[in-house]
Amino acid sequence: MDVLQLFVSGLANGCVYGLIALGFVLIYKATEAVNFAQGDFMMLGAFITLGLTNEQFWGLPFWISVPIAILCMGAFGYLLDMLVLRRMFGQSQVAVVILTIALGFVLRFAAGVIWGHQPVSLESPIAGRDVRYGGLVLGLDEVTIIVVTVLLTVLLYFYFNRTRLGVAMQAASQNQLAAYYMGIPVKRVHSLIWALAGAVAAVAGILFASKGSIDPSIGLLGIKAFAAAVIGGFGSLPGALLGGIIVGLIEPFASYYIAAGYSQIMPYLLLFLILVFRPHGILAQVHRKKV
Amino acid sequence: MRTVFKTSYDADINYFRHGAQAAWYMLLLALALILPFLMGTFWIGEMTNMLIWAIAGMGLMILVGQTGQASLGHAAFLAIGCYANVLLQERLGLPFLLSFPLAGVIAGLAGALIAMPMTKLHGIYLAIGTLAISILTDDLIVIAEPLTAGVVGLFAPTIDILGFQFDRYATPDRFYWLVLFVAVVIVLVYRNILRSPLGRAFAAVRDSEVSAQAMGINVARTKALSFGISTAITGLAGALMGHFAGIFNNETFNIIISIQLLLMIVIGGLGSIHGAFFGAVIVALLPQAIAISRDLVSGLVGGGTVAIPGLESAIFGALLIGFILFEPMGIYGRWLKIRTYFELFPFYRKDMFRRQKSYLKTERMR
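From first to last, the protein sequence lines are chains L and G.
The first sequence begins at 1 in the working numbering and counts up one residue at a time.
The second sequence begins at 1 in the working numbering and counts up one residue at a time.
Excised from the complex, chain G in its bound form (with noise of 0.2 Å):
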């Protein structure tokens, strides 16, 4: 295990504990930078999907993971950013550089503003109102029928900057590295949060809401702040999902992508961006994996190809299942936990990470 010896106050705060984490982070990027000249046009697509899905849990996270509010509507934040995103280029002709801030704008203060009365609820009761807007945002679409084109749905248009065409299908490569260059802003929008002030409220506010107070922050707001940047983050991830899907309607953003959306970040480990990739990586590469064992195990009977559905999800629910009995920090916990044991080799515990042992009381008694 390396010592860090800290010989400034930034040493708390700064991007990286020490060189070596740097490197291992810069080699990261690099790989992922020449990836596609590793890989073929239909794996640069996953890895695409993938990446937009890191984002959007990146937004969910910084909800569930360092305010500690549960959302179960972030979907509808999908589709705010999505469609305000291809309707400012539409009908009022923005290019894509301005439109795409904007929508995530947008999303953010619709964020905010749906936040302002739903600080006052906790827990299951926020779940519960969120999950309401996620429904009701699924039905406004429809009947804002002039503006979203209802069920038909709308076109993505290409996505041109400065004369470069940015396509799903025509330029791959392109697009992927756009996508890429979001993902890296983001997660530096995101570590510089929690590096000021106001990441700190955020943790306050999720450990103790009481003790936040007492500390002299002003809980509502920094719940409402924390709403609007997760969900303006969230309506980024939204204008590249309609960019990467290409047509998109009132079910492309449903209460099951809310749903698989914290699900995610759980299984990727709550509170740290690692968790959001990992958790990205699960939900964006199972598909595939399902579809490649399948065809492995009917090459090893010889039947033909079975599709069986709802396989998909409830493997995914039987992920989520063992992760949350076993490992509920998630893939992350559970990397830390293996890095651990290597690093104090022969030393590790099993009861190192132990959690402490807890009793629930009633929250309908304040």
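Next comes chain L alone, as it looks inside the complex (with noise of 0.2 Å):
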């Protein structure tokens, strides 16, 4: 029962951390950007929650900021991309890279500023309740994670393989030119993917806090999702919450059985290790062109 157990809150830590991957893979698969900034929109979006939920500031009930905060972070996603990332259009990769992670750095200053650097805890009415199922006692909070990831995975996934807007976003990155000739409007295409992503990571945000406490920094959460990302091969749905959740069952489990110390390695080594074995990951999305 131990090791269900273990296995369980593995599972809801890696959904998480899949969540997080999920946006990433969002924006690279229709930008061919990487937003290193994803794990501070999901600390801006859970303390969006907070703000407009707790007690201390607003005292909203939990369901009305729910929706609130996903729509703003949305809003957040597409401005940004209206206002910063669209001077960048056409640029290296590597200089977007950058761009997100300095913006990183100023809005862990700004949710800082605005809530304080103490740790936090959102008054969700997910966290702290039990589910049981025969001998097994669950946290409702995990398992409230683990269904809302599956379900959007699965939505979104659908939805970009079998819908208009959702094949168009895939066209835009794989040639930014060739789409324009098809007629995708690719900077709306954009923007609009960017929203997306923020809503995303509202939703990891709102989960992540029903977990535990925040405070400006979880969004350093970002690099281990970011493993997670590369593990499950970049570009691909299904493999950010596949390796969401290899992360996230590793942790629990190399902390039980390995000596503390090599335990916080183990996410990395994998990391390093696909990279050198299976450069593109487990679910690789590189194709090689036919001539």
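Just so you know, the hints here were simulated from the structure itself, not pulled from any lab data.
Everything numeric in this text was worked out from a predicted model, so none of it was measured.
Which stretches of chain G does chain L cover? Using the computed rule of at least three CB atoms under 8 Å from a CB of chain L, they are:
(1) 125 to 136
(2) 139 to 150
(3) 257 to 266
(4) 310 to 317
(5) 322 to 328
Ideal Cβ placement from N, Cα and C applies to all residues, glycine included.
Put the two chains together into one complex, using the hints given.
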């Protein structure tokens, strides 16, 4: 039973990583850019919800503040792309990476000024309750995280592969110029995908905040989620979730079975090995072009 | 604008384009040499710090600016150089004159070794791989506690070269001259690499791997060499950083330092030695500038001084966003524009440095 509990909590953690990784992959899939500030987006989403919900701030009901926060983050993503990233259109990936790293610094600072640097916890109705199934006691928060993550991944997967806009988004990333010729409004598509990534980050943030306390530096979790996205195969939505779950599961089991100190390097060791032996991840998205 | 009339092929690769340029740089060097007589102890310390950052920046610049390989893990090599230098002195009793170059060699070898599997990776994957190395090194230092003393950290001994003591606190001026000497040597090495066929190979790999391969360049070997040279220089900077800090542990060289180093050379201007120095000025002097302006503001407003946590990195980030959006070539790029404006006056036009419009294609289809 111990192992099972470990498994579920690892799974829940992994799903949060997976959700952040999903944000990375969404943006990468559609704009070929990598958003290093995705972890900070999640932090911002969590704090907006917290600011709306908690008694000391606005004190709105949880179920009202959740959609507001998701909408806010969506708008934030859209505006960010429209006002800042659109100027970078067509520039190299590394420039965007550096830009988003810098953005992360600024966001962390802004959150610290508005909401303070002390860890605070979200007054969420799914926190601290149990679900009993047979002899198994699971946290409601953990179960919710797993269910929401899987639903969201499936939804986004079908969105990308079945809908018109989803396919347009993929085309926009594969060849910007060709996508223009096909009549795809590439710039608006980019803004939309940033909005979507912002919304997904808000969901991840709310779920993460339900599990424990948050402070402005939780955005650094993004690095772990980044490892997850690479392990799963950058550019693949199911891969992001898979990578997230692998990283999430390795952590508790490594700290359970391996000496402290060694356990925390396991995710990165795995990342390193994957990069060396299977450079494009488990579900690789790199195809050799047929000439 | 001065037109240089070239009468030999050497004119293309001379250190200086013309005599006036050489004179300006000699003047700068002379100013740097007499700086300890012009400044107090505190500011000499700050200048030393700036020079060390500039050395580290030049190390990374060879990799990022010349060869076009992004690395988010150079703090790892700062750490390797720093630990190697101090451990060689403490455990094996080597003098600084030996341990310092050896630290560079060790860091360089480590970099080349790590580069070998990494050279298969491109762009963003390389950045992630090096990021992982930086995080792993942080944890490995803690694990290798018998050697590195883990989180407790190590003390850097006073440098002793042929009976002369170099210490950050006891003899700051000498320490400054030592760092200045190393910086000048590294600048010369850097310039000579660029003048050699290897430097041309770096530039070819940066601009197009496919065409570099077509020209007969061994891309994997060139990348590994670039990694090795880059990490060796960074290792030397790390060794100096250790002596400058006096005490260091795994936290001294964390992932934030890696990122800061990369951001620094971007602000300075990618692909030039000037860029490394301009970036170092920003990184090393920004905390002081913030402190001074905070005192000014609180003096005007009349309130007590309030320390805002994270302000420094936020200003750094905001600066960087501004530069990437409006001046992608960094401070050095802006300097070039200003200089060209005056050299060509009144014929300078706004679009002279305009970037070509470009469109991205996916890297997932090759």
